[in-house]
Amino acid sequence: MSDLNKLGLAEARDALRKGDVTSVELTEACLSEIEAADALNAFVHKTPEIALERARAADARIGAGDAPAMCGLPIGIKDLFCTKGVPSQAGSRILEGFLPEYESTVSQQLADAGAVMLGKLNMDEFAMGSSNETSVYGNAVSPWRRGNDDTQLTPGGSSGGSAAAVAADLCLAATGTDTGGSIRQPAAFTGTVGLKPTYGRCSRWGIVAFASSLDQAGPMTKSVRDAAIMLGAMAGHDPRDSTSVDLAVPDFEALLTGDIRGKRIGIPKEYRMDGMPEEIEALWHEGAEMLKSAGAEIVDISLPHTRYALPAYYVIAPAEASSNLARYDGVRYGHRATLAHGDGITEMYEKTRAEGFGAEVQRRVMVGTYVLSAGFYDAYYNRARKVRTLIKKDFEDAFAQGVDAILTPATPSAAFGLGEMGQADPVQMYLNDVFTVTVNLAGLPGIAVPTGIDHQGLPLGLQLIGRPWEEGDLLNTAYALEQAAGFVAKPGKWW
Amino acid sequence: MSIDESTAARVAKLARIRVEEDALPALAGEFNTILGFIEQLGEVDVEGVEPMTGVTPMRLKRRKDVVTDGNQQDKILSNAPDAREGFFAVPKVVE
Chain U
1 MSDLNKLGLA EARDALRKGD VTSVELTEAC LSEIEAADAL NAFVHKTPEI ALERARAADA
61 RIGAGDAPAM CGLPIGIKDL FCTKGVPSQA GSRILEGFLP EYESTVSQQL ADAGAVMLGK
121 LNMDEFAMGS SNETSVYGNA VSPWRRGNDD TQLTPGGSSG GSAAAVAADL CLAATGTDTG
181 GSIRQPAAFT GTVGLKPTYG RCSRWGIVAF ASSLDQAGPM TKSVRDAAIM LGAMAGHDPR
241 DSTSVDLAVP DFEALLTGDI RGKRIGIPKE YRMDGMPEEI EALWHEGAEM LKSAGAEIVD
301 ISLPHTRYAL PAYYVIAPAE ASSNLARYDG VRYGHRATLA HGDGITEMYE KTRAEGFGAE
361 VQRRVMVGTY VLSAGFYDAY YNRARKVRTL IKKDFEDAFA QGVDAILTPA TPSAAFGLGE
421 MGQADPVQMY LNDVFTVTVN LAGLPGIAVP TGIDHQGLPL GLQLIGRPWE EGDLLNTAYA
481 LEQAAGFVAK PGKWW
Chain F
1 MSIDESTAAR VAKLARIRVE EDALPALAGE FNTILGFIEQ LGEVDVEGVE PMTGVTPMRL
61 KRRKDVVTDG NQQDKILSNA PDAREGFFAV PKVVE
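Keeping their order, the protein sequence lines are chains U and F.
Residue 142 in the UniProt record's numbering sits at position 142 of the first sequence, and the numbers go up by one each step.
Residue 14 in the UniProt record's numbering sits at position 14 of the second sequence, and the numbers go up by one each step.
So here's chain U without its partners, still in its complex pose:
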């Protein structure tokens, strides 16, 4: 078989089980693609020795007839996941040199299922960003281009390295994390599938924390089927994360029938934004038509507090981040600033954090500190948490009306050029998450499915939002949309 790196998880699994290919062959194919793709800056810590060792072990397991779903499949891991003995920096200078003594639950579960880790993937620093431009490793670059224009485009963020690596076939799939849209926006920008599960579906243990009430890990894959397979390996209760839910993990792949007859799909009128490109509006309409043709009923719904989601997010997420990131003090791990004679412990903290955190992280930590400070806690933080209750209730009301899933655009535009967005005004960049952030606030599962190509030749995606814990049903609706859309475009190789 040729071009093994281009396979998806399902195809590669089937080929492995038939004995048409070995995990070592799959892994070597990916490793040589990764070596030739430094221009994308997607893999920032390569682990070929670990990969080949795990591939050989996977081949032995398959040979012995013990082959769980992910067995032998080479994947990339976002740098936010702590991986034992392998740099895990969350894209930050402050974690330079940090080698975890432990493995995150999600990456451990993937390893136990036989998955092969190829290396760590680029991301925005501490997952704060929508373009992968805040990374200490430098920008990840999208494999996609606007036709013959060689402007470098963003793969999105914060899981930009994951999206670029999957879209460029450097790996079969990758892990991502999503706090405000960090799986779904990069997936939409790169023509890949990205699923944020229900909050609590995947353990957060060992994942560097950004905003603990919003963070959730999920799969980034080449197809909806692959997302179903990979979620099954990532999900499950973990006693070490008190917010992880003790619910059985269904066989998500078995639920992919493509039959969505009688399902009610909600179209929220508040997601029709002023200044939204016509192409996005048209794509959204086409998506609804596709689901309708597949037998679903399309209903108009209202989510009245949508416009307050981003402002609420930019109180809650920085507040939680300022608390979570207090641990980076130059004492226990990572970077410590060189101190001047006579510097005390306060100077050590202040200089270490000024050197170790990039501009966006510093900004958010300070905004979080401000909204939590005495006198402002009620005005900002508590008010935002109340608005969050109302946003969640909007969704509950829609589901109570019998809506099974909600269809929205995934992003307000196609991928933009690196350096083109929000240099002067951080809020410009925040608007990228306008369609995705509501889902994190409400804790719901959401998935981005590649659905079309814009006039520049760039992929566009739609988002489906499901009921809590109903990832199986959501994936099935996404599967029907994927089949109807028939998205097959791939970026032309220039790197």
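Hints were generated in silico from the structure; no laboratory data involved.
Don't take every hint at face value.
[Unchecked claim] Simulated crosslink set (BS3-like; lysine-lysine; CA at most 27 Å straight-line):
1. Lys13/F with Lys392/U
2. Lys392/U with Lys263/U
3. Lys13/F with Lys393/U
4. Lys490/U with Lys46/U
5. Lys46/U with Lys75/F
6. Lys351/U with Lys13/F
7. Lys292/U with Lys351/U
8. Lys6/U with Lys386/U
9. Lys61/F with Lys386/U
10. Lys351/U with Lys269/U
11. Lys92/F with Lys351/U
12. Lys92/F with Lys84/U
Got chain U sorted already, so can you dock chain F onto it with the hints?
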């Protein structure tokens, strides 16, 4: 609500991030942009609304109050920028 340079300096101090004097005006400007954006929340009627504390109403799991982990001093110290004699070392705190 407008943030001036002295407030920006105070927030930087609270966050334990050193910000040089000449960077304060720009920082205050960015804070004002972000807070201006957040200010919209004031329009929402939140009378009688409980703050959201969890995504799914569930009772937190309990476990036995016993030691489940420990005895790994060397691993805990292995990533420290400065560890000596089994301790994290920091600049002098007490005169």
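Outcome of the hint check:
Straight-line distance between C-alpha atoms of Lys13/F and Lys392/U comes to about 35 Å, which puts the hinted pair past the 27 Å bound. The straight-line distance between the Cα atoms of Lys392/U and Lys263/U is roughly 22 Å, inside the 27 Å bound, and the hint therefore holds. With a C-alpha separation of about 38 Å, the suggested pairing of Lys13/F with Lys393/U is violated against the 27 Å cut-off. Restraint check for Lys490/U and Lys46/U: satisfied, since their Cα atoms lie roughly 24 Å apart, inside the 27 Å limit.
Between Lys46/U and Lys75/F, the direct Cα distance comes to roughly 24 Å. Compliance with the 27 Å bound is thereby established for this hinted pair. Proposed proximity of Lys351/U and Lys13/F is supported: the alpha carbons are some 11 Å apart, at most 27 Å. Distance hint between Lys292/U and Lys351/U is unfulfilled; the C-alpha atoms sit about 58 Å from each other, more than 27 Å. Between the alpha carbons of Lys6/U and Lys386/U the distance comes to roughly 46 Å, so the proposed pair goes past 27 Å and is violated.
Among the hinted pairs, Lys61/F with Lys386/U is consistent with the structure: their alpha-carbon atoms are about 25 Å apart, no more than 27 Å. A C-alpha spacing of about 48 Å is found between Lys351/U and Lys269/U, which places the hinted pair above 27 Å, so the restraint is violated. Of the pairs offered as hints, the one joining Lys92/F and Lys351/U holds, with about 16 Å between alpha carbons and a cut-off of 27 Å not exceeded. In summary, the hint linking Lys92/F to Lys84/U is not supported, as the alpha carbons are separated by about 33 Å, beyond the 27 Å threshold.
The structure fails to meet hints 1, 3, 7, 8, 10, 12 from the earlier list, while all remaining hints are met.
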